[in-house]
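Protein chains in written order, with the UniProt record's numbering: chain D, 1 to 548; chain B, 1 to 548.
Some clues are possibly wrong.
Any copy, or any two copies together, can satisfy a pair, since identical chains are not distinguished.
In silico DSSO-like cross-links for lysine-lysine, where the CA-CA straight-line distance does not exceed 30 Å [unchecked claim]:
{"id": "1", "residue 1": "Lys417", "residue 2": "Lys229"}
{"id": "2", "residue 1": "Lys104", "residue 2": "Lys474"}
{"id": "3", "residue 1": "Lys229", "residue 2": "Lys393"}
{"id": "4", "residue 1": "Lys540", "residue 2": "Lys185"}
{"id": "5", "residue 1": "Lys343", "residue 2": "Lys185"}
Derived by calculation from the structure, the hints in this document are not laboratory data.
Treat the numbers as computed from the prediction; the structure is a model and nothing was measured.
Here is what each chain is made of, one letter per residue.
Protein chains: 2
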Amino acid sequence: MRKFAAEKSRNLLAHREIFSSVLQHPTASLYSSSSHSKKSQLLLRFLNTTAAPNPSSSSESMASDYSSTPVKLDSINPKVLECEYAVRGEIVTLAQKLQEELKKNPGSHPFDEILYCNIGNPQSLGQQPITFFREVLALCDHPAILDKSETQGLFSADSIERAFQILDQIPGRATGAYSHSQGIKGLRDTIAAGIEARDGFPADPNDIFLTDGASPAVHMMMQLLTRSKNDGILCPIPQYPLYSASIALHGGTLVPYYLDEATGWGLEISDLKNQLETAKSKGISVRALVVINPGNPTGQVLAENNQQQIVDFCKKEGLVLLADEVYQENIYVPDKQFHSFKKVARSMGYGEKDISLVSFQSVSKGYYGECGKRGGYMEVTGFSPEIREQIYKVASVNLCSNISGQILASLIMNPPKVGDESYESYSAEKDAILSSLARRAKKLEEALNGLEGVTCNRAEGAMYLFPRIELPKKAIEAANAVNTAPDTFYARRLLNATGIVVVPGSGFGQVPGTWHFRCTILPQEDRIPAIISRLTEFHKGFMDEFRG
Amino acid sequence: MRKFAAEKSRNLLAHREIFSSVLQHPTASLYSSSSHSKKSQLLLRFLNTTAAPNPSSSSESMASDYSSTPVKLDSINPKVLECEYAVRGEIVTLAQKLQEELKKNPGSHPFDEILYCNIGNPQSLGQQPITFFREVLALCDHPAILDKSETQGLFSADSIERAFQILDQIPGRATGAYSHSQGIKGLRDTIAAGIEARDGFPADPNDIFLTDGASPAVHMMMQLLTRSKNDGILCPIPQYPLYSASIALHGGTLVPYYLDEATGWGLEISDLKNQLETAKSKGISVRALVVINPGNPTGQVLAENNQQQIVDFCKKEGLVLLADEVYQENIYVPDKQFHSFKKVARSMGYGEKDISLVSFQSVSKGYYGECGKRGGYMEVTGFSPEIREQIYKVASVNLCSNISGQILASLIMNPPKVGDESYESYSAEKDAILSSLARRAKKLEEALNGLEGVTCNRAEGAMYLFPRIELPKKAIEAANAVNTAPDTFYARRLLNATGIVVVPGSGFGQVPGTWHFRCTILPQEDRIPAIISRLTEFHKGFMDEFRG
Numbered sequence: 001m002r003k004f005a006a007e008k009s010r011n012l013l014a015h016r017e018i019f020s021s022v023l024q025h026p027t028a029s030l031y032s033s034s035s036h037s038k039k040s041q042l043l044l045r046f047l048n049t050t051a052a053p054n055p056s057s058s059s060e061s062m063a064s065d066y067s068s069t070p071v072k073l074d075s076i077n078p079k080v081l082e083c084e085y086a087v088r089g090e091i092v093t094l095a096q097k098l099q100e101e102l103k104k105n106p107g108s109h110p111f112d113e114i115l116y117c118n119i120g121n122p123q124s125l126g127q128q129p130i131t132f133f134r135e136v137l138a139l140c141d142h143p144a145i146l147d148k149s150e151t152q153g154l155f156s157a158d159s160i161e162r163a164f165q166i167l168d169q170i171p172g173r174a175t176g177a178y179s180h181s182q183g184i185k186g187l188r189d190t191i192a193a194g195i196e197a198r199d200g201f202p203a204d205p206n207d208i209f210l211t212d213g214a215s216p217a218v219h220m221m222m223q224l225l226t227r228s229k230n231d232g233i234l235c236p237i238p239q240y241p242l243y244s245a246s247i248a249l250h251g252g253t254l255v256p257y258y259l260d261e262a263t264g265w266g267l268e269i270s271d272l273k274n275q276l277e278t279a280k281s282k283g284i285s286v287r288a289l290v291v292i293n294p295g296n297p298t299g300q301v302l303a304e305n306n307q308q309q310i311v312d313f314c315k316k317e318g319l320v321l322l323a324d325e326v327y328q329e330n331i332y333v334p335d336k337q338f339h340s341f342k343k344v345a346r347s348m349g350y351g352e353k354d355i356s357l358v359s360f361q362s363v364s365k366g367y368y369g370e371c372g373k374r375g376g377y378m379e380v381t382g383f384s385p386e387i388r389e390q391i392y393k394v395a396s397v398n399l400c401s402n403i404s405g406q407i408l409a410s411l412i413m414n415p416p417k418v419g420d421e422s423y424e425s426y427s428a429e430k431d432a433i434l435s436s437l438a439r440r441a442k443k444l445e446e447a448l449n450g451l452e453g454v455t456c457n458r459a460e461g462a463m464y465l466f467p468r469i470e471l472p473k474k475a476i477e478a479a480n481a482v483n484t485a486p487d488t489f490y491a492r493r494l495l496n497a498t499g500i501v502v503v504p505g506s507g508f509g510q511v512p513g514t515w516h517f518r519c520t521i522l523p524q525e526d527r528i529p530a531i532i533s534r535l536t537e538f539h540k541g542f543m544d545e546f547r548g
Numbered sequence: 001m002r003k004f005a006a007e008k009s010r011n012l013l014a015h016r017e018i019f020s021s022v023l024q025h026p027t028a029s030l031y032s033s034s035s036h037s038k039k040s041q042l043l044l045r046f047l048n049t050t051a052a053p054n055p056s057s058s059s060e061s062m063a064s065d066y067s068s069t070p071v072k073l074d075s076i077n078p079k080v081l082e083c084e085y086a087v088r089g090e091i092v093t094l095a096q097k098l099q100e101e102l103k104k105n106p107g108s109h110p111f112d113e114i115l116y117c118n119i120g121n122p123q124s125l126g127q128q129p130i131t132f133f134r135e136v137l138a139l140c141d142h143p144a145i146l147d148k149s150e151t152q153g154l155f156s157a158d159s160i161e162r163a164f165q166i167l168d169q170i171p172g173r174a175t176g177a178y179s180h181s182q183g184i185k186g187l188r189d190t191i192a193a194g195i196e197a198r199d200g201f202p203a204d205p206n207d208i209f210l211t212d213g214a215s216p217a218v219h220m221m222m223q224l225l226t227r228s229k230n231d232g233i234l235c236p237i238p239q240y241p242l243y244s245a246s247i248a249l250h251g252g253t254l255v256p257y258y259l260d261e262a263t264g265w266g267l268e269i270s271d272l273k274n275q276l277e278t279a280k281s282k283g284i285s286v287r288a289l290v291v292i293n294p295g296n297p298t299g300q301v302l303a304e305n306n307q308q309q310i311v312d313f314c315k316k317e318g319l320v321l322l323a324d325e326v327y328q329e330n331i332y333v334p335d336k337q338f339h340s341f342k343k344v345a346r347s348m349g350y351g352e353k354d355i356s357l358v359s360f361q362s363v364s365k366g367y368y369g370e371c372g373k374r375g376g377y378m379e380v381t382g383f384s385p386e387i388r389e390q391i392y393k394v395a396s397v398n399l400c401s402n403i404s405g406q407i408l409a410s411l412i413m414n415p416p417k418v419g420d421e422s423y424e425s426y427s428a429e430k431d432a433i434l435s436s437l438a439r440r441a442k443k444l445e446e447a448l449n450g451l452e453g454v455t456c457n458r459a460e461g462a463m464y465l466f467p468r469i470e471l472p473k474k475a476i477e478a479a480n481a482v483n484t485a486p487d488t489f490y491a492r493r494l495l496n497a498t499g500i501v502v503v504p505g506s507g508f509g510q511v512p513g514t515w516h517f518r519c520t521i522l523p524q525e526d527r528i529p530a531i532i533s534r535l536t537e538f539h540k541g542f543m544d545e546f547r548g
């Protein structure tokens, strides 16, 4: 039922879609009169082909039942209508439906279970939490047991000690109280110390804003910077669709720059410059540059000299650098390492007052993968006290982020150290997760590259592969015939045949005329061979069916 | 320093303030040409008098240090500038400064500690969490101990059983995974059952959206309903400033209706009608009515027949009823009880498709007071599937609310029952908190009513008193002389003299020319006599100083 409703609303949207904020702008022939016109025409085509199929007459009758209620699709905020978030979009809705069917009628589909490879949600696929982190959280949730003798037998000594330390940092030891709107000061001290240890440059606890995951932090910055459609945010294409969704919700314009698939999703400063100039010439005031490093969905890790160029570009052009660094612990190749943009900027001699830089971090990613805890922070540097005050004010309207998430954010930035009782088990758990992720990334990448018409860059970091598929002409025609984007058509067929859930590339943006999907590397390692064989078998069948 | 920055930004705002969304509207002579013109002229005066004092030259030099950074006050989203949230505003910033001074130099002020009566944050003032709830949260955070023998000695049997039940409701028992964007289905089942038990009418788990506290839920609805300044939301005056802040952030218009202080903050349907008609005549499309019951900051509990009138009004006028019911457990007088608006509407025969109603609930209030957990939900009824789909989409952009908050929301709607091992201790803890709050409310109300020039309605519910102060003419002149609202002037003096933090009435809105403050009833009971004597002594001195 929900699916039909979704389809109806999508049809009402007609040509509005993920990039509508660009395309609907009054001045925005932006991407049809420039040197990028081919891309943009194809972008338009992308918009048309993602419109959903089969407007069902049943949805008409459903809507009419609610005819006496006041809120209609044409009377809600159009920015909400415009917003799309493919990671939990149509394919996932279909997956949930199949899952319910499997529960009711086991054997009703050619697979036993749905395998969610659509989202970076490690623990949903069996990854176990880091024991030390959970010990500390449990003790902080129920401090009454801290002094009990049985607790010694159940919890590590350093988790008990850490819980005491944290409670001492919380006014009144009240883990059930609202905190300072930026988060508990003592926890921010710990996080700042962790950043200093990571970067080798000072960090100020007053620059830290603890948030319910990185997403609310991104929203806060978009809300701050966006006055109207005339304000633009430079975003990579492909991008994590939180950015396009947030820009749409706040009424701004997404200014795309393309990562170059042929050079391992390279970021070319010349492309940034071109896109910036094109946007400017159309009256767009570009406010910020989003960089996701390691990349999502693309998995590349930026080289330090590339980061220096980006910093210089932002400095020169007066752009805020919004650095999505939530995958900073997820690096899988020996020839790459993570450098925070703040470290890079400081190494270049740029101080607090030289460059405006926001770094986003989350407890949901890394080796910890604590998505359900909704913890994270942003480190806000290079903004005047008046602007900082405005950010604080917006944070204060929602009072504070959840305290367990705050505690966890402090733990990931200050994990057990050599000599602590938990250090050995902590290290073993961490290393096992990261090395297994590296092996899974490699195996899946090799398997994908072995498929007909598929090419896939290696995942240097993050949690995803983003293979490109050369779809046969007949498959594209079949997709067009049901008014579906070809990559969505492929992903739907894959799901129906195998139970594997991936996200079509059109949800992230891609060079028009190319087709991709995003697949996480998160299924447990012993499941990977079966996944590869199911995927391979499906793909062969699909290509056989549609080969010209 | 932060204070100076805040003042500078406020001065830049000039006449923009809490009701600016009304006043700046192109068509909005709304409140100066109507029968309510006296109120509105005074409202304008309120706007002017809340402008902050002493634009400091030091803020000029601070700002210039950041001259090479790109983001300036005049280049950020003006809706962010407009937004105000007095509960964590100027007085609280001053309180934090004094607290730091006390820490560095004990004895530097005529009090030992800051007493935060500005915010409904019970555990920050020593209220203890309900043991059963924290046991379950701790066990869900660290399920590895569930099977250990020591756990039996540390945790109640029913908390262990409940933790197992909850884990069984979570796919893969993964408390560290993102959940369904509306929240874990099994927990929504529990909440829906709790609503049914409370109301005696069916509740659907698919109507429940679990959120990080009630505030994000309110933002979601404001975001959905607000297209432009031409969309209005009817809000009580005085109101909890989340509403004015959220309306400002989403670019809508606050349409005020006044609660009648003389009749115990009564809600008159005739006033609602007048305000609605006036707004309509100015081109405002009024979308929704906010009702806070029990009231914040006003503490009244609506009578059922008054609620029926409100439901009929919304039905007739095609308004969404946004029912803030977060204080549903906080009732202190025997002659009043809580009725949810859904129960009232269903009792009147209005079904799902007859009225659009959103009820907000939170784990932060009630007897539980778990503010730091950021849990809550909204029950969304009377919206078509297409609209529901849009709400779901916006929820999905932020993935999900935190799982501990979700679990806690299920616990408060399904606490221990007679026969459970924890029932006795749970009941004792709950009753002790609620009966103590009732006594505190009564004592503080009586004390306030004993002060010269102060009148205070009883707190029938919620967590606040909102006394009115007849300020001497000289005090008002002294406040005007430093460009401060008289009630802010009073609150600042109170803080500097006693360490007691209250929120000036101007932060909530009040009939212009009247002055109030909001004071929580949350300090622990043994502290109340000292607070009363400090407040009484201060008030006498203040009145003596300014008496004509």
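Problem set entry | Within, between, both or neither, where Lys229 and Lys393 count as close if Cα-Cα is 30 Å or less | both (24 Å within a copy, 22 Å between copies)
Problem set entry | Homo-oligomer pair classification [Lys474, Lys104; C-alpha up to 30 Å] | Cα proximity of Lys104 and Lys474: none, with 35 Å in one copy and 76 Å across.
For this session: Pop the pair Lys417 and Lys229 into one bin, within, between, both or neither, using alpha-carbon distances up to 30 Å.
Result: Result: close neither inside a copy nor across copies, 49 Å intra and 54 Å inter.
Exercise. With identical chains treated as interchangeable, where does the CA-CA distance between Lys540 and Lys185 reach 30 Å or less: within a copy, between copies, both, or neither?
Worked result: neither (56 Å within a copy, 37 Å between copies)
For this session: Have a look at Lys343 and Lys185 and pick one of within, between, both or neither, based on CA distance no larger than 30 Å.
Result: Only inside one copy: Lys343 and Lys185 sit 23 Å apart there, 43 Å across copies, limit 30 Å.
Hint compliance for this structure: hints 1, 2, 4 are not met, and every other hint is.
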